[in-house]
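Here is how the chains run, residue by residue.
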Amino acid sequence: MRINDERGPVRRSLDTLYDAASVLAAICLFLMLVVIALQMIARWTGTPFPGSTQYAGYLMAASSFLAFAQTLNRGVHIRVTLLFNALGPRSRRLVELWSLLIGTVAVCYLARFAVKMVYWSYKLHDVSQGQDATPMWMAQLPMAIGAVILAICFIDNLLTMFFRGHDNIRSENIEQSHAE
Amino acid sequence: MQDFYLIGIFLFVLFLLLGTGVWIGLALLGVAWVGMDLFTLRPAGDAMMTVIWRSGSSWSLTALPMFIWMGEILFRTRLSEDMFKGLAPWMAKLPGGLLHTNVVGCAVFAAVSGSSAATLLTVGKMSVPELRKRHYPERHVIGTLAGAATLGLMIPPSLTLIVYGVSINESITKLFIAGILPGLVLAAFFMIYVALVSRFSRDFHPDVEPPMTFSERVSNSRFLIPVILLILVVIGSMYLGIATATEAAAFGVVGSLILAAAQGSLSWKTFLESLMGATRTSAMITLILSGAAFLSLSMGFTGLPENLAEWINTLGLSKFELLMALLIFYIILGCFLDGISAVVLTVAVVEPMIRHAGIDIIWFGIFIVVVVEMAQITPPVGFNLFVMQGMTNHQMNYIARAAFPMFLIMVLMVFVLIAFPDLATWLPDHMRLGPGG
Chain A
-1 MRINDERGPV RRSLDTLYDA ASVLAAICLF LMLVVIALQM IARWTGTPFP
49 GSTQYAGYLM AASSFLAFAQ TLNRGVHIRV TLLFNALGPR SRRLVELWSL
99 LIGTVAVCYL ARFAVKMVYW SYKLHDVSQG QDATPMWMAQ LPMAIGAVIL
149 AICFIDNLLT MFFRGHDNIR SENIEQSHAE
Chain B
5 MQDFYLIGIF LFVLFLLLGT GVWIGLALLG VAWVGMDLFT LRPAGDAMMT
55 VIWRSGSSWS LTALPMFIWM GEILFRTRLS EDMFKGLAPW MAKLPGGLLH
105 TNVVGCAVFA AVSGSSAATL LTVGKMSVPE LRKRHYPERH VIGTLAGAAT
155 LGLMIPPSLT LIVYGVSINE SITKLFIAGI LPGLVLAAFF MIYVALVSRF
205 SRDFHPDVEP PMTFSERVSN SRFLIPVILL ILVVIGSMYL GIATATEAAA
255 FGVVGSLILA AAQGSLSWKT FLESLMGATR TSAMITLILS GAAFLSLSMG
305 FTGLPENLAE WINTLGLSKF ELLMALLIFY IILGCFLDGI SAVVLTVAVV
355 EPMIRHAGID IIWFGIFIVV VVEMAQITPP VGFNLFVMQG MTNHQMNYIA
405 RAAFPMFLIM VLMVFVLIAF PDLATWLPDH MRLGPGG
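Keeping their order, the protein sequence lines are chains A and B.
First residue of the first sequence? That's -1 in this note's numbering, and the numbers climb one at a time after it.
First residue of the second sequence? That's 5 in this note's numbering, and the numbers climb one at a time after it.
Errors might be hidden in some of the hints.
Covered stretches of chain B, as calculated for chain A (at least 3 residues, CB under 8 Å) [unchecked claim]:
1) 14 to 23
2) 178 to 191
3) 239 to 245
4) 276 to 288
5) 333 to 345
Computed far set for chain A versus chain B, every beta-carbon distance over 12 Å [stated by the list, open to error]:
6) R5
7) G6
8) T43
9) K114
10) F160
FRET-style restraints, in silico, Cβ to Cβ [unchecked claim]:
11) A/A35 <-> B/L188: 29 to 35 Å
12) A/W42 <-> B/I13: 51 to 57 Å
13) A/L81 <-> B/G394: 17 to 23 Å
Think of the hints as simulated: they come from the structure by calculation, not from any bench.
Glycine is no exception: its CB is placed at the ideal position from the N, C-alpha and C atoms.
Pulled out of the complex, with its shape left as it was, chain B reads as follows:
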C-alpha cells in the first residue's frame, strides 16, 4: 500500500517539475531528492555525489563524447554530397527511384553516426533539394527522411544504446552489434514501403534519371569509399574484438579528421566548432545521466522497483502482454519526452521487471531503441520533427502526418523483433569479446 503512495508522490513531483519546464536532468535530481529525503534515513547529499561521480567518470561513458564528436566532424565535411553522388546511380532504377537515397543514405550514415538528428541533417542537406528538383512528392521526401533518419539510433554506433548500456551496466559493444541486423531489416522495410508508394500513389511522377552505363555507375561509387572505410574501421574493430566501443569511437574521430582533411574541409575553425559542439552535447547528456543516476539510487533505496517487479509478476502476464504494455507506455512517454530521457527515466524501474520476466536484456535494448525511434517522430515533442521543421519550414503537423507511415512500420518492426528474437541476439552471441568487453 505504501508503494502506491510512493509512486503517487514520485509521479506527481516528476510531472510537476518536467511540465513546468525545469531542465530534465535537474528535475530528475529533484525527484530523487524528494524520494530519498522523505522515505529513507540515508543522508541524501553525500550519496548523491558518490553516485554522480561514479557514473560521470566511468570508462564506458567516454564512448559518448567520442561518437558525438565524430558526428560533428562528419557533418561539416562534404560527405553528404559524396554519398548522394555515389548512391543515386544505383537507386535510380529501383521502383521509387531516388527516394531510396533517403533510406539507404540514412542507413549508411547511421553506421558512422550515433544520432538520429545528425543523420537527418547530414543526409537531408543534400537529398531534400536534389529530390525536390526532380519533382518527387514533397510529402514522401519528408516522411521517408524523417523516418529513416531514426536508423541513426539503431545501426551502431548509437548514443541511445550507450546511455542504455551505461544505465544497466551491460557491454556497449554487445548492444551495438545487436543493433546491426534489426537496423538492416528496418531499412529494408522502409525501402519496400518506398517501392509500394511509387506503385500506388497517384501523385508520384518524378523526373526520370538520364541513363547511365554500368561502368559509369561503378566509377561514381568511388565517392562511397571513404564512408565505407570508416564504417569498416569502427564497426569491424568492435566486432572482431580489436577495440572496445570507446576505442572504436577514437578510431572514428581520427578517421573522420583524416577524411575531412583529405577533402579539404578541415580548417582550424571547423575543428574548433566540432569540438565545442561535441563538448556541449555530451555535457547536456551527462547532466541528464547524473540526475538519472541519483534517481535510480533513490528509487533503489525505497525498494520500489523490486516491489513493482514482484507485483507485475503476481499479475501473471505473459512476456508478450508485458511487452505490449511497455510498448504502449513508451509510445505515450515518447510523445512528451526525448528518447534518452525516456530511457534513463524508466530503466531503473523497468530493468527488474524485464529480468523477472526472463527477457534478454540485450534484446530489450533493441526493443527500447525501436520505441525511442518512434518517439523521434511523434508530436508534440519529437526531435526529428523539430529538426525537419528547421530545415524545410513545414508545419510540424504536416511533417508528423508525412512520417506517420514510418511510425507504423516501426510498430511492425516491434512485432518482428518479438517473433524473431534471434535478429538481435544471434550476432552478439557469435562475436569475439574484446579487451574489457
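Bound-form chain A, shown alone:
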C-alpha cells in the first residue's frame, strides 16, 4: 500500500468511504426526527403507528455507528491527552502508536462480533420483539457496517502512524467540547 502526501488513490477512496458513511449517518439522524414527528402526529390524530419507538432506536444505532469513523478522524472522540503533551516527540510517538494499537484491537473485536450478530440474526430469522416485527438483521446491518468501517479507519490510522509518523486525526477543539 502506498500512502503519499498528494492524497493518493488509496487515501482518497478511504476518506470518501468515511465521509459517505457519515452522510448516511446524518440522513439517519434526520429520519429519526421525521419518525418522532410522525409518531406525535399519529398519536394526536389517533392513527396507529406501530413500532415507531423501535424505528427511532434502529436509526439511532445506525446513525452512531456509521458516523464513528469520520468522528474519529475529526478528533471528536474524547481521549485523555495529558501524557502526550508531557512527552518528548519520540516517546510521544510510541505512546500514540500504542493507543492506536489498543484501539485497533478493540474495534476489530467489536466489528467481528457485530458482523457475527447480524449473521446469526439472519440465519435464525430473528424478528424484533416489538410491534414492528422487523427482521433483526436488517435493523442491525448498519451497525455492523459502521463497526467494520471504524475498524478500517483504525487500521488506516495505525499504518499511517507507523510509516509516516502522524495519524489522520485533525482535531477541532471547539467541536469536541460541544457534548459537555
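Given chain A, put chain B in place with the hints provided.
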C-alpha cells in the same frame, strides 16, 4: 478478598488505558473485556454485542442527538445577540451591572441547551466583547461566564442527565424536571456573588450604562420572545406530560429551525453544518455509552458492585458521610475526566451503594450533575476551561483561578441540596406523567 484483587486489576487496566490516551469508549470496552474474560465463564464477545445493541438502539437515547442538534442550530443563529439586547437593560441597574447578563444569559440559554460548552460559546460570543468594551474586570467576566455556563448541564434539557437516566433506567423527563429548581437556586447564588464582587472588589469600575426609560426596556425585551417561546414549548410540554423527553427535543429542533428561518440565519449550509455536527457529537457520546454498557455488564457478572455496596453498608457510614466521600471522589475524578465519562464509568458501582443507603436516585442525579459541573472548571481537564481558552486566548491557569469562586459556590450548592432535598424532588413528584414516562 478476591474482590480487592478484582478491583485492583480493573483499576490498573483502566488507568493504564485511559492514561496512555486510548479513546475513552474503547478503554472502557477493553477493561470490560479483561474483567469478563478473566473472571467469568461467559463468552464475552456475544454478550458484549447484545448489550451494546440494546443500549445503542434504545428509545430513551434518541433524546440525546435531538437536543444536541437543537443546540447546534441555535448556536448558528443570532440568538446570543438578541438575548444580550433583551437582558442588558434589565441588568444594568443591579449591583454588578451587566456582569449579570453572563449569569442570566447562561440560565436562559441553558433552558434550551443541554450542554455547558454550547452555553458558554453562545452566551460568550456576545457578552465577552460587550463587557470588555465597558471595562468590566476581565477576571470576573471570564470567571462568572465559565462558572455560569455549567448551568447548561443542570437546567433542563441536560445531556448529562440523559446519559445518567439511560444508564440507570430512570425517567429522563423526571430527571429534567428535578433539575429546574436547583438550577435556579444555583443561578441565584451566582448573581449574589456578582453583586458582592461589585461591592467589595477594588478594581470594579465599569462604564455606567446610559439611562433607559421603563418603556424602552420593555420594548427591548421583545428580543427575548423567541427564546422564551422555545423554553415554554420544550420544558412545558414535558412538565404537562404532553410529550416525552425525545418528543420535546423534536419540538425543540423544529422550533429552532423555525426561529433560525425567521431570523434569516437558516441556509442550506448552516442546516447541514448543524446536522453533521450533531451527528458527530452524538456518535462520540454513543461510543462512550457502548463501552460503559459493556463495562456495567462485565462488572455485574463479577458481582463486584453488589459486594462493594454491602461492604460500604457494613462500614455503617451515615448518608451524609457517604455523600461526602462520593463528593471528594468525584471532584478528584473530575479533574482528569469529562463529566459524561465520569458518570457512565462510575454509575454501575455507585448505583447499588446509593440504593442500599436509601438515597433517592432522582435526587442523586442532581447531586451528580452539580459535581460534574465542578469538573467542567477544574484543571487540568475541564471542558469549559478548554473552550474559554479557545475563545479568549488566556492561559488555562488564569481561567481556572478566575472560575475558582464559582467552584466554591457549587460546593455550597451540594450542601444546600443535602440540607433541602425537596429542591430536587418536589417538582418531579408533582408533575403529570406523560405517555411512556
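- Just pull the numbers of the violated hints for me, sorted ascending. Violated: hints 2, 3, 9.
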